[in-house]
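Per our numbering, the sequence shown starts with residue 4, numbered consecutively.
Be a bit skeptical, because a hint or two may be false.
Quick list of the computed label-pair ranges, beta carbon to beta carbon [claimed, not checked]:
#: 1; residue 1: Thr181; residue 2: Leu138; range: 29 to 35 Å
#: 2; residue 1: Val74; residue 2: Arg215; range: 46 to 52 Å
#: 3; residue 1: Gly185; residue 2: Arg215; range: 43 to 49 Å
#: 4; residue 1: Thr181; residue 2: Thr64; range: 39 to 45 Å
#: 5; residue 1: Arg144; residue 2: Val182; range: 36 to 42 Å
#: 6; residue 1: Gly117; residue 2: Arg218; range: 18 to 24 Å
#: 7; residue 1: Ala178; residue 2: Arg218; range: 49 to 55 Å
#: 8; residue 1: Val204; residue 2: Phe158; range: 29 to 35 Å
#: 9; residue 1: Thr64; residue 2: Val204; range: 16 to 22 Å
#: 10; residue 1: Leu180; residue 2: Ala78; range: 34 to 40 Å
#: 11; residue 1: His145; residue 2: Ala71; range: 25 to 31 Å
What the hints contain is simulated information worked out from the structure, not anything from laboratory work. The beta carbon of each residue, even a glycine, is placed where N, CA and C say it ideally should be.
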Amino acid sequence: MSRLVVAGAAALAFAAAAWAATSPGRGALSLLLVAAALLVAGAAWLDPSLGAGKTLVLVATLGAAAAAGRVLFAAVPGVQPVTVIAVAAGAALGARAGFGVGALAALVSNFFLGQGPWTPWQMLAWGGCGVVGALAAPYVRHRVPFALLCFVLGFAFSGLMDIWEWYSFYPHTWAALTVQLGRGVWFDASHALGNLAIALVAGPELRRLLERYGRRLRTEIVWA
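When you get a sec, could you build the whole thing from the sequences and use the hints?
Right, dumping it as structure tokens:
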């Protein structure tokens with residue numbers, strides 16, 4: 004069933020993306036449908052591995068902690084711990100857990116900071132950070148590589164959101180895109196530098212903590 008849902012959602016996402024490409028005037032709606040379909044596919048993809056109660060509770064707890072940190076740092080533009088926590092969760096617990104933590108953090112924090120058509124794309128972007136953390140797990144075991152990855156993902160996240168906003172609400176010209184990217188460059192830099200600082204302070208420690216907890220979750224007790 005989950006595979007059918009993933010396939011159906013992927014087909015819907017492709018159709019919506021094609022609509023976005025052929026009908027730029029309806030970019031906001033078509034991109035919203037793309038994001039919604041991808042999130043449905045992501046939810047179905049998460050289901051098999053996060054069904055265990057303890058794993059689901061851990062993902063929910065990490066997502067809530069990341070959301071709380073984002074709300075706490077809301078007064079400082081761009082600075083938040085969501086990227087670092089999602090990357091650590093992905094590296095320690097796997098791609099599905101990383102995606103779940105990032106997506107949940109975006110959804111929950113926006114109940115306080117404001118929901119809107121940007122929410123699904125923030126969920127996808129931060130969920131993607133968790134997946135990247137899982138893919139890069141062998142290379143980010145040490146502090147500096149971990150921090151550099153979070154630094155790059157800060158620019159990637161902000162760049163994706165800038166492109167989404169441009170395609171959804173502004174003229175589809177290179178000039179408009181340049182203005183959009185230039186207008187957000189300081190916010191993007193703040194996001195990336197905030198990720199760098201948080202990762203240098205606590206990133207590897209959080210990953211090791213989650214790895215130990217993950218090993219406990221996977222331990223099977225056999226009674227003789």
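Hint by hint, here is what the structure shows:
Taking the beta carbon of each, threonine 181 and leucine 138 are about 31 Å apart, inside 29 to 35 Å as hinted. For the pair valine 74 and arginine 215, the beta carbons lie near 28 Å from each other, so the given range of 46 to 52 Å is not met. For glycine 185 and arginine 215, the Cβ-Cβ distance of about 44 Å falls inside the hinted range of 43 to 49 Å, so the restraint holds. Separated by about 41 Å at the C-beta atoms, threonine 181 and threonine 64 satisfy the suggested range of 39 to 45 Å.
Between arginine 144 and valine 182 the beta carbon distance is about 40 Å. The supplied range of 36 to 42 Å therefore holds. In this structure the hint that glycine 117 and arginine 218 lie 18 to 24 Å apart at CB is violated, the actual value being about 38 Å. At about 53 Å, the beta-carbon gap between alanine 178 and arginine 218 stays in the expected band of 49 to 55 Å. Distance hint check for valine 204 and phenylalanine 158: the Cβ-Cβ separation is about 20 Å, which falls outside the suggested range of 29 to 35 Å.
Here the CB-CB span from threonine 64 to valine 204 is close to 20 Å, well matched to the stated 16 to 22 Å. Under the hint 34 to 40 Å, the C-beta atoms of leucine 180 and alanine 78, about 29 Å apart, miss the expected range. At about 27 Å, the beta-carbon gap between histidine 145 and alanine 71 stays in the expected band of 25 to 31 Å.
The structure fails to meet hints 2, 6, 8, 10 from the earlier list, while all remaining hints are met.
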